[in-house]
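A.B. asks: Residue numbers (the numbering used here), protein chains in the order written: chain A, 4 to 116; chain B, 2 to 116.
Some hints here could point you the wrong way.
[Unchecked claim] Label pairs and their in silico Cβ distance ranges:
#1 B/S67 <-> A/K81: 39 to 47 Å
#2 A/Y79 <-> B/I39: 25 to 33 Å
#3 B/T114 <-> A/L55: 41 to 49 Å
#4 B/D72 <-> A/Q17: 47 to 55 Å
#5 B/L31 <-> A/G57: 27 to 35 Å
#6 B/Q42 <-> A/D101: 40 to 48 Å
#7 B/H11 <-> A/E86: 38 to 46 Å
#8 B/G41 <-> A/T113: 14 to 22 Å
#9 A/E42 <-> B/L116: 33 to 41 Å
[Stated by the list, open to error] Far from chain A, some chain B residues (derived; all Cβ distances over 12 Å):
#10 E4
#11 E19
#12 Q38
#13 K43
#14 E45
#15 D63
#16 E69
#17 R70
#18 P71
#19 G73
#20 E100
#21 D103
#22 R112
#23 T114
Don't read these hints as lab results, they were simulated from the structure.
Being a predicted model, the structure only gives us computed values, none of them experimental.
Note that CB positions come from ideal geometry on N, CA and C, so glycine has one too.
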Amino acid sequence: ILNVEQSPQSLHVQEGDSTNFTCSFPSSNFYALHWYRWETAKSPEALFVMTLNGDEKKKGRISATLNTKEGYSYLYIKGSQPEDSATYLCAFIPFTGDYKLSFGAGTTVTVRA
Amino acid sequence: EPEVTQTPSHQVTQMGQEVILRCVPISNHLYFYWYRQILGQKVEFLVSFYNNEISEKSEIFDDQFSVERPDGSNFTLKIRSTKLEDSAMYFCASSEGRESTDTQYFGPGTRLTVL
């Protein structure tokens, strides 16, 4: 069982503020890290696929960084808006020939207007 | 934009009954997956499927579970004799390939409640 951890479990942000949270994963046998945004009753939405150490990806006000050597990824939300309220999941794929995602428990972000 | 769809959105069944959860993956995708999330726990992998056979399966995916692609569009998960502990949200996903850059696209899930 792969240990993929996300912190914090939840956070509340004031509209307009920026925030960030962490996904940690095993640093050996890294293949890829996926980030998803999941709103209740909707499909988890793919945000980023990160594969290279030092990767930085951006989608609108959301960005992510990757450090494979130390086994962590940060997700940043700049200028949070109420529509950013969701659970953000990271999922790790090791370099073992499998292609199954091992998920963290998620960080639930609530943006207060 | 193409999307993965799942039916039904909610299924209630009695313990011991068989259930079939249905998924329509994205049309040009070749790899298909089932995951589940028991309430309060992490999303966990069940099975992957390619070229009409199972590629990988987890230890959860025992003889009570089976998957099938009965036609060119549907992908199904069958639970032969449901148990209380099978109550969970079941997600279908599909991907174009298995490269490190390939995204797995998820459906909205089927909530299975076993009474």
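A.B. asks: Kindly indicate which numbered hints from before are broken by the structure, ordering the numbers from low to high.
C.D. replies: 6, 7, 9, 10, 12, 13, 14, 20, 21, 22
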